[in-house]
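One letter stands for each residue in the lines below.
2 protein chains.
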Amino acid sequence: MFSFKLLKKDPLTNARAGKITTYHGEIATPAFIPVGTQATIKALTPEELKGLGAEIILCNTYHLYLRPGHTLIESLGGLHKFMHWDYPLLTDSGGYQVYSISANQKVSEEGITFKSHLDGSLHFLSPELCMEIQEALGADLVMCLDECIPYPSSPEYTLDSLTRTTRWAERCQKSNKSSDQTLFGIVQGGMYKELREKSVRELMDLNFDGYAIGGLSVGESTELMREMVGHTASLLPEGKPRYLMGVGTPEDLVEAVRQGIDLFDCVLPTRNARNGMLFTSSGKIVIKNAQHRSEDIPIDPQCTCYTCTHYSRAYLHHLFSAKEILSSRLNTLHNLAYYLTLMHTMRTAISEGTFTHFYQKFYTSRATSDSEPRGAC
Amino acid sequence: MFSFKLLKKDPLTNARAGKITTYHGEIATPAFIPVGTQATIKALTPEELKGLGAEIILCNTYHLYLRPGHTLIESLGGLHKFMHWDYPLLTDSGGYQVYSISANQKVSEEGITFKSHLDGSLHFLSPELCMEIQEALGADLVMCLDECIPYPSSPEYTLDSLTRTTRWAERCQKSNKSSDQTLFGIVQGGMYKELREKSVRELMDLNFDGYAIGGLSVGESTELMREMVGHTASLLPEGKPRYLMGVGTPEDLVEAVRQGIDLFDCVLPTRNARNGMLFTSSGKIVIKNAQHRSEDIPIDPQCTCYTCTHYSRAYLHHLFSAKEILSSRLNTLHNLAYYLTLMHTMRTAISEGTFTHFYQKFYTSRATSDSEPRGAC
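Here the protein sequences come in this chain order: A and B.
Under the working numbering, the letters of the first sequence match residues 1 to 377, in that order.
Under the working numbering, the letters of the second sequence match residues 1001 to 1377, in that order.
Worth flagging that the hints you see were computed from the coordinates, not collected in a lab.
Once the Cα atoms are required to be at most 35 Å apart in a straight line, the calculated DSBU-like pairs of lysine-lysine come out as:
| no. | chain 1 | residue 1 | chain 2 | residue 2 |
| --- | --- | --- | --- | --- |
| 1 | B | 1042 | A | 42 |
| 2 | B | 1050 | A | 288 |
| 3 | A | 115 | A | 42 |
| 4 | B | 1115 | B | 1081 |
| 5 | A | 284 | B | 1050 |
| 6 | B | 1323 | A | 81 |
| 7 | B | 1174 | B | 1009 |
| 8 | B | 1323 | A | 177 |
| 9 | B | 1284 | A | 50 |
| 10 | A | 115 | A | 198 |
| 11 | A | 284 | B | 1081 |
| 12 | B | 1288 | A | 81 |
| 13 | A | 284 | B | 1042 |
| 14 | B | 1284 | A | 323 |
| 15 | B | 1323 | A | 42 |
| 16 | B | 1323 | A | 284 |
| 17 | A | 288 | B | 1081 |
| 18 | B | 1115 | B | 1174 |
| 19 | B | 1042 | A | 323 |
| 20 | A | 240 | A | 42 |
| 21 | B | 1019 | B | 1198 |
| 22 | A | 115 | A | 177 |
| 23 | B | 1288 | B | 1050 |
| 24 | B | 1081 | A | 50 |
| 25 | B | 1361 | B | 1284 |
| 26 | B | 1288 | A | 115 |
| 27 | A | 288 | B | 1106 |
Isolated chain A (complex conformation) (with noise of 0.2 Å):
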C-alpha cells in the first residue's frame, strides 16, 4: 500500500515535492505533522485539523503506552477509531520521550527501562515491544526505537549508542508483521557528519521504506542541527521520504526544505499557541504583551484562518489574560494555520518551479529575526 512518489525537484536548490500514499489516504509532501501526544492534538478536533490542510498528525507511543494503554486502544478499534481520525497516522518509536520524559533511564543491548513520568512505575522498552506498541495502535508510519544522547555527547559514546540503535533497527525490521504499517529507520550520529554518514550506511543496508532524522534540536545552535541536517539528508536516497523529526521554527522548516526534507513534526505551533506565542508573516506577537490590550486588527492581516477572520487581539489578549480555554484554542488553530499554509505555500512554489524566490521573499518579509524558541519537539 505505501508508496512515495517524487513529483518534482526545485531546479536550484535540493527542495523536493512529492507524495505518500498510505493505507488511510495520501499525504503532499513537504509535510508538516502535528502533534497529537495523547491521542488528541491539543484543543482541536480532527475536523479542524482537516480544514487546516493537515494530511497526517502524530501521536506519542510514549504516552499512549502508559496510558491509557496500547492493548486498550487496540480493543477499542485501534488509534484511528479512538480518536476518531481517520487519515494518516504516525507513531514515534517512545526512545525520544524516554529519554527526555521519564525518570532513571538505563539503556543496555536489550533495550531501555524507566520510570513511568506519571506513577514511577518501572517500565522495560524493548525494538520488540516498541514494535508490539505500534502495531497495536496501527498508525501508518511507524518509528524503528532508537537511543536518544545528550548534546554534547563524546564520539566514542555516539558511535557506541548510533550501531546499537542499528542493531535495534533489525530487531524492530524482523519484529513489525503489519503489512499496513511502514517503518523508517532513524538516523543517529550526534553532531559528527562521519558517525551520520555510518549510521545512514548501516539503515539503508536495511532498506527501509522511509529514513528518519533524528537527535537534532537538542540543545546544539542552529546552524550545527541545519549543517547536520543538509549533510544526511545529502546522503540519504533519492527515492524514499526523509522526516526530520521535532523540527522546528517556520525558519527551521524553510531551510530544511531547501536541505531536501519530506516530513517535520514540532510541538512548537501548538505548544507556543497555548503560552499565547502567535506565528505572523511578519515574525511573532506575543499576545499578552499590554501593546496588543486594545488591538482591533486580527493576529496576521494576511491571514484567512478562523481565529483571524473572526476575532482581534484585544479579544484574544482578553481571553489569554482571563486563563479562558478559547483562548489555547484560537491560538492553537491560528499557529496550524500558519505551519501547514507555509508548507502549502512551498510545496506550491516548487512545483511551479519558484522555490528560490519564494525563499528570498519569506526571508524579506519577516520583521523580527530569527529568536523563537527551539526546545525539545
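Let chain A serve as the given structure and place chain B on it in line with the hints.
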C-alpha cells in the same frame, strides 16, 4: 424593538411557550441561556453554540467590568462584536457576583462597595454604574442592580433588602437610556412568600418589560426553591417574560417550566462538563469513573450531538484522565446539547399540547434520582 408574544399555554399546567424579539434576533421560550462569564462560553465558539440551538447567551457584568473593562469593550464596538456573537445577549447586574465572589462587600443605600477578586482593588457599584456598564457592553436584555442575601436571612433583613432593591430598580430605570436595551426588574424577598409578593407588587408598579426571579438556589432545599418559584411566577403578569436566575438541574428546569418560567441560566451544564459530570437521558454519569475506561459506547446513545456521534466514553475517560483541553470541549458540547435539546423538547410539547405527557416520560426515563449538585449558578 423588544416584544414578548405568548404563543401557547398548556391546558393542564402553567407551562407556556412564547417568543421574545430583540434587536439581535428572536428567542423561542422557554429557553435556557448558556453562561459565558468572561465573554466566552468556556471552550466553545459562537458557531457551535448556534449549532446547538442556543438563541441567547449571558455574560457577567461583574467580570467584564473588572477585566477587560466595559469602556474597552465599548471602544471596540461592544460585547457582541468583541466576542463574535451577533445574536441576543443578556448581561446580569453584577449583584450576585459581588455577593458570591468578591470580598469585603458592604451594602448601603447608595450601592455596594467591594474588593475585586482579581487584585483586591476597591470598587463601588451603584445602580447608575450598573446601567452605565451594561449600556457600554450593549447586551439586549439587561438587569437592574439587586442585592443578593444569604440563606437563611431574617424577615427583617430580607424586607429591608428587598425595599432597597426596589429603590435601586427605580434608579436603574431612570438611569437606563438605551432604546436598544430591555431592562428587567429582579424579584427578591428570600424564602418569605409575603415578601416575594411585596417585591413583585413594587416592581410591577414600575412596569418593567420583563421580570427576573433572583435570590434562589442559594442553599435552600429543592422543595423550598420550587415552592418560591411557583408562588412568585403565579404573581407575575402573563404578558411579560419570567426569568429564573441561576437555576438549575434538568429536573429544576422541567419543574420551573411547568410553573410558568420562560428563561433560565445556569453554569451547571458547562461547569459540570469541565468536571466530567455528563447529563444523559437516563441520569448523569461521571466520566472519570473506572467503569467508563473501556466502554465503546457514546455518553448517551439517544443523543445526536457531535461528541456522542463521534467519540466513545472510553476516549472521553482518557481525555479527562489526561487533563486534555478537548475533554472540556467535547463534554461542554454534550452537556449544552442535552440542556438545549431538553428546552426544545419542552417547547414542542407545550406547542403540541402534550406537556404533561412529556413530564411523565421525563421522570420515568431517569434511572437515577435527582442527585445533581445544585450549587450556585
